[in-house]
Amino acid sequence: MKQRPILIDGGFVAALVDDDHSLHAAAIEIYGYLIDEFQANRMRLFSPSTVLRTCSRDVRRSTLAPVETMWVARQHRTAAKHVTAPSADVAIVMVLLQRERCRGLATTDAFYDQFDLAVYRAGSGEPVGPAADQLPDGYFNYEIEPLPARQSTGE
Amino acid sequence: MSETLERAQTQVGAPTETDSFRPKRPISDAVPLDPWYVVRMVLFGAYAVAYVWWFITEGLIIDRISVGISVIVFILIGHLGRPVRRWGWLLFDLACYCVMWFCYEQSRGWADRAGFDLQVEAPRNIDRFLFLGTDPNVWMQRQFYDPKTIHWYDNVASTTYFTHFIFPVIAIAVVWVTSHREWARFMKRFASLLIVACAGFVLLPTAPPWMAADRKTYHYQIIAPLARHTGRGFRDLGMKGFVNQWQSALDWGNAVAAMPSLHSAFSLFVPAFFLPRIKWKWLKAVVLCFPVIMLTSLVYFGEHWVIDGLVGWTLVGLSFLFWGWFENRQRRVRAGRARVILGISGNIKPVVAP
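Residue numbers (this note's numbering), protein chains in the order written: chain W, 1 to 155; chain R, 1 to 354.
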């Protein structure tokens, strides 16, 4: 059986770990399904290293225990500069989806609905940013943060 | 099925349909193509052409150094343009891989030094028990072996035998390049099998049938004479260099490493690993014929007893079972931790009807 790789973006993780988040309940419901699929060996769950780095060790080992790290390398950041997207984080997620052949995404952002992906979206809110076809021609040049200094991510 | 599961499948499991009226576009439209991907594909094409050219002009690569070089080149191509971290993994994997084969080669020396009793009659007796008093090696050679003529089945059996030196290496290289996680899954099972097999070679040195039947060098003579004609069919197909190198390699190989049969084990291992990825049942059945043909060939050539092959298959099964259980347990534990913290219950547990 081949497991489907599912990427969990920063917005979804934030909704999941924050009890006060407006989409917390919706995120938990979706995450429960993803965990079931993970346990049944039908899915592999990933989150970008940039997102997991922001979570505490306890969260990584408990709430996010089924989630593996998808490492964001310099080449992903470089490629993200040439992606038309509402934010740098979204651009990086899109690069990861493409380069790591993920065809599923857990998110809170409706921006991804326009793509040929299996989107597991918490909430049914409006897109956080404008749709890609509404963005001006040419590239969005993000000031992507330089790679942070090497540090433990709790693994 | 529980209501929760149904809800999960209908509401959560299905991707969102909010913008279903809008045509979906592939993510590749929005993300620039990785330029290194093109480089890798071109180099893989060149590699394939070079390999075929070498095969036609020089023959099949078999010696360990050439095989090692060809595999390393293949893997390096597959890692071109990958992040630095991936190269670090590659170096670590390579070190583990080398240690594994080094230990395997060293097991020959351990077997010599350990000095356990050589098993000669025991495997023959087990085979006779399994086949109601008949020696399967002898029976097969009497039925099919013709010293004057090389039949089509000699070609098939000999080719099957020599795939042992090719298929596992190709499988490892391909898995290595395509997915690091799959490579780790593959190697855990493979290394476990190899370790147990080496322990078997040390603790239970077993004379193969051709040795047990030998009347010139070993003088065991516990079964009727057998011809060791393993390379004949492959040589007939033009693979003379391959067969000659194999014969010279026999001089420094462990001649009494018959139990378990790694030929038999690897022939099941590789198909078994890729079996879940095969969609069609008929193809699965065809693929599973391969280990049967391998064991039949081994018995026909007098290289192994039937019990050697059966033990090899059993070890493969045990290796897959153990690691499958271990990985399932890991998934269950990690999923359980998340559920406890979030206060959610598992949906996939079957609900027993009253």
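Hints were generated in silico from the structure; no laboratory data involved.
Ideal Cβ positions, reconstructed from N, Cα and C, are used throughout, including at glycine.
Among these hints, one or two may not hold up.
Unchecked claim - Straight-line alpha carbon distances no greater than 25 Å define the calculated DSS-like cross-link-like pairs of lysine-lysine that follow: (1) R:Lys188 with R:Lys284; (2) R:Lys188 with W:Lys2; (3) R:Lys216 with R:Lys284; (4) W:Lys2 with R:Lys148; (5) W:Lys81 with R:Lys24; (6) W:Lys81 with R:Lys188; (7) W:Lys2 with R:Lys216.
Stated by the list, open to error - FRET-style restraints, in silico, Cβ to Cβ: (8) W:His82 with R:Gly109: 31 to 37 Å; (9) W:Asp18 with R:Lys284: 43 to 49 Å; (10) W:Asn41 with R:Ile222: 44 to 50 Å; (11) W:Thr54 with R:Ile72: 37 to 43 Å; (12) R:Ile341 with W:Thr78: 44 to 50 Å.
Structure-based check of all given hints:
For the proposed pair R:Lys188 and R:Lys284, the alpha carbon gap of about 23 Å is at most 25 Å, so the pair holds. With a CA separation close to 18 Å, the supplied pair R:Lys188 and W:Lys2 stays within the 25 Å bound. Using a Cα cut-off of 25 Å, the hinted pair R:Lys216 and R:Lys284 is violated, with the two alpha carbons roughly 44 Å apart. With a C-alpha separation of about 49 Å, the suggested pairing of W:Lys2 with R:Lys148 is violated against the 25 Å cut-off.
Between the alpha carbons of W:Lys81 and R:Lys24 the distance comes to roughly 23 Å, so the proposed pair stays at or under 25 Å and holds. A hinted pair counts as satisfied when its Cα atoms are at most 25 Å apart, and W:Lys81 with R:Lys188 does not qualify at roughly 39 Å. A threshold of 25 Å between alpha carbons decides the hint, and for W:Lys2 with R:Lys216 the separation of about 53 Å lies outside it, so the pair is violated. Our hint of 31 to 37 Å for W:His82 and R:Gly109 is violated, since their Cβ atoms are close to 57 Å apart.
Here the CB-CB span from W:Asp18 to R:Lys284 is close to 47 Å, well matched to the stated 43 to 49 Å. For W:Asn41 and R:Ile222, the Cβ-Cβ distance of about 48 Å falls inside the hinted range of 44 to 50 Å, so the restraint holds. One distance hint, 37 to 43 Å for the beta-carbon pair W:Thr54 and R:Ile72, holds here, with the actual separation near 38 Å. Restraint check, R:Ile341 to W:Thr78: a C-beta distance of roughly 36 Å breaks the suggested window 44 to 50 Å.
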